[in-house]
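Position chain B against the provided structure of chain A, taking the given hints into account.
Residue numbers (this note's numbering), protein chains in the order written: chain A, -13 to 145; chain B, 25 to 760.
I should point out that these hints are in silico values taken from the structure, not numbers from a laboratory.
These numbers were taken from a predicted model, which means no experiment stands behind them.
Even for Gly, the Cβ is constructed at its ideal location relative to N, Cα and C.
Careful, some of the hints might be misleading.
[As the list claims (entries may be wrong)] Derived, one-sided and incomplete: chain B residues facing chain A with beta-carbon distance under 10 Å:
#1 Lys244
#2 Gly288
#3 Glu463
#4 Leu696
#5 Asn699
#6 Glu700
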Amino acid sequence: LSLIVNGNSVQVEAAPEMPLLWVLRDLLGLTGTKFGCGMALCGACTVHLDGQPIRACVTPLSAALGRRVDTIEGLSAEMRHPVQRAWLELDVVQCGYCQSGQIMSAVALLAQNPHPSDEDIDAAMAGNICRCGTYQRIRAAIKRAAELAAPAPPAESPS
Amino acid sequence: VSDAPAAHAAATAGRRQFLVGVTVIGTAVGAALVFGVPLAERRGAQRAVPQPPATPSPFTPNAFVRIAADDTITIILGKAEMGQGIYTSLPMIVAEELAVDPHRMRVEFAPVDRAYYSPLFPMQFTGGSSSVRASFDELRAAGALARTMLVAAAARRWQIPVERLRAESGCVTDGARRLRYGELVADAALSARPRELALKSPENFTLLGKKLQRLDGPLKVSGRAQFGIDVRQPQMLFAMVARPAAFGTRVQSFDAAAARAVPGVVEVKQIPSGVAVLATNSWAAKRGREALHARFGEAPADAVSSDLLRLEYRRLAATPGEVAREVGDAARALGEAKHVLTAEYEVPYLAHACMEPLNCTVHARADRCDIWVGSQFQSEDRRRAAAILGLHPEQVALHTTFLGGGFGRRGNPQSDFVVEAVQLAKGLGRPVQVLWTREDDMRGGWYRPFFLSRLQGGLDAHGMPLAWRHTIVGQSVLSGTVFESAMKKTFDPTSVEGAADMPYAIPHLKVEIHEPVNAVPVQFWRSVGHSHTGFVVNGFLDELAAAGRKDPVALRRMLLADRPRHLGVLNLAAEKAGWGTAAPGGRARGIALQESFGSVVAQVAEVTVSGDAIQVHRVVCAVDCGAVINPDHVAAQIEGGVVFGLSAALHGNITLSRGRVEQSNFNDYPVLRMNEMPQVETYLVASDAPMGGVGEIAVPCIAPAVCNAIYAATGKRVRRLPVTASLMSSGSRASS
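Next comes chain A alone, as it looks inside the complex (with noise of 0.2 Å):
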């Protein structure tokens, strides 16, 4: 069974119900994509399915053939996401065990909506949870991710 996981075409041997999570982080090693409660209640599993994003627990493997599925892993090596690095210039994590869901709806959310409210935050983010309590900087980040992901203004001359 093969499907595209960060832009490699890659092949498994397992059974299609097999959930994607259990396939990623078993088969593939690919373990920055967590487990965190398996019935899409808490979005640690959150990953990219062609784009879009996806809860990796109840998500079957049957569900990501032939298809793009990407992961932390392949977001950006260098840390250069803008979403990355809004995360570090503010110092979100703690624990740091939600932020690759976290992360990855994030990025979700300002490829859709590069501008969002507070409400859009509430209800794209509603889903991951984070028992160590970094919500408030995850809204400032994701401020700040869009202001870096924005074209940079024309250079103005000094005044």
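Just chain B now, kept in the frame of chain A:
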């Protein structure tokens, strides 16, 4: 938004904190050295350097610092990183004295060794909000020792006095020439150990007291941080364990053949805690466990049900308990009071619900065992593992990973999740990772205990509190643990902390405690006893204020008149929140104050109530935690503590029926989400108090601040948590 107030406070207060606070600490360290206590022998640190040299000519002046010839500086942490930030703040302390950029340091988690035992208790344990305050002196000295020996090596190389040299940016310089630390390590290893260490003067600090970006940030925004659940070893199997559904029951039957028939399942093994299914991946282990159809025995007759427990505790609360504190004669004073209030408060069992479900990976062999685990209590885990395997503790290597949350659960004094994995790995011949599902974790016990409190308060003719009687009923978390020696006489001091030692000047006070025993395992939960006493004491004090027609802040000011530190925190919170002015948008305010872990916190919550719906809009936090290493870390812990406490206040509720836990996952044990997040503001008080803890201190105040605000908004007094259960039931009992 969040950091602005903290950053402002740090800019204005940080300097003064260090001028005052750290001078005291520095003097203490210096004094020890002046009296000639050789640093390296102080706690056997030199003898205990655990790692063989990894690179040529490394310099290991003590157990915490290793410098290699290629200039790699490694900091070895005896503490676990579970979000609280020690992966950054502890290296900052070394880096300040060693004159290096912390972002150029490598950080390793230490093996189990006496060198890494806490100065506070003889164990390798991360908890009690103690990491920074307990490690500050030794890490500062560790950095200074390394620097002193490097400078001495340069002085010999150049044949000039050490007074003409200084350390900066990982080099020693005389102003004209520079030698990198890496060029000096071979010679530094031969430097004599100084009898005295000159510690940096706090006004010259360049790192401490300022924000520094977390060193673990890059690992955690890229998915590269390794948690226990991410450990992968050659030939490793994945296991899930079918455990009894009710506390106090045992496995009776299971279908091993059906489990083995599931593709990927390798083995089925009964262990003391249940039946384990071992497989080549987690999903196969889970499916195999389902196929087991394990059956368990009937719950014993005395199995716990929450409703019956409440009745039992209520009966106990009306009888005399162990006296934890007695001032004056509360019984007589209540008889003489003009007005007496009686109330019953209650808090439920709570799960820690760390985002990373429990797990542990073990490879046991005849003469050696490796354990990979995110643990807060490595020394106890290793001791118990060695006992199970018949090995010496030195034959067990425990590799600490990052922890996906701890909150106390990963510091289990019985090492429950480590012991189980070791029992499974014994004789297996290959590594095995035991993974708990969310449901296993939620139903697995080791909760914050259910507590019931009975209170009586008496007011004098002026409406001032004259007498306070508080009887607490709840299980002990220390009983039967290595911490039991900390217990005073017959009761657990953590059950009454924050109540027996409450700071308010009430002339007649009596606090009593009952500690019933039952089959539900209980444990530390972030802020421990303060998690219930903060709610009860602040709530009942608000009741006395209302009955005495006093403003809650004004009453606290009167009762804290002799406590300038508490007053400073109270006044800062009240000022920043605009206490006494009208809150915007029809919001109501409530206040709470709690001293815990050596720090004092006050919080003002702004709340609106619409039917049963409660919205917490803003939480203003004033904090006096003494000197501060990284003010942004403090702000982060305050924000996180508010969220943790608010989850419990609004939603958290583990209930039992005939020994079975009725919750299972985040659908029926909801926690705070983004859409419920209030604006949290943190203000630090400039303080000359000894360094206090930070990780747990924001938790105790949020429930009472919110409930006192609900009272201000509605006149309804919340005496049972979670709030939602309380507002919808008639269970809150009070009379006056």
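Okay, the hints, checked on the actual structure:
Below 10 Å, beta-carbon pairs count as interface contacts, and Lys244 of chain B has one with chain A at about 3 Å; its hint therefore holds. With 10 Å as the threshold, the beta carbon of Gly288 of chain B comes within range of chain A, its nearest partner Cβ sitting at about 9 Å, so the hint holds. Proximity of Glu463 of chain B to chain A holds as hinted, the smallest CB-CB distance being about 8 Å (cut-off 10 Å). Look at Leu696 of chain B: its Cβ gets to within about 7 Å of chain A, closer than 10 Å, so that hint holds up.
Taken as an interface hint, Asn699 of chain B checks out: its beta carbon lies about 4 Å from the nearest beta carbon of chain A, inside 10 Å. Interface restraint check for Glu700 of chain B: the shortest CB-CB distance to chain A comes to about 8 Å, inside 10 Å, so the restraint holds.
Of the numbered hints stated above, none is contradicted by the structure.
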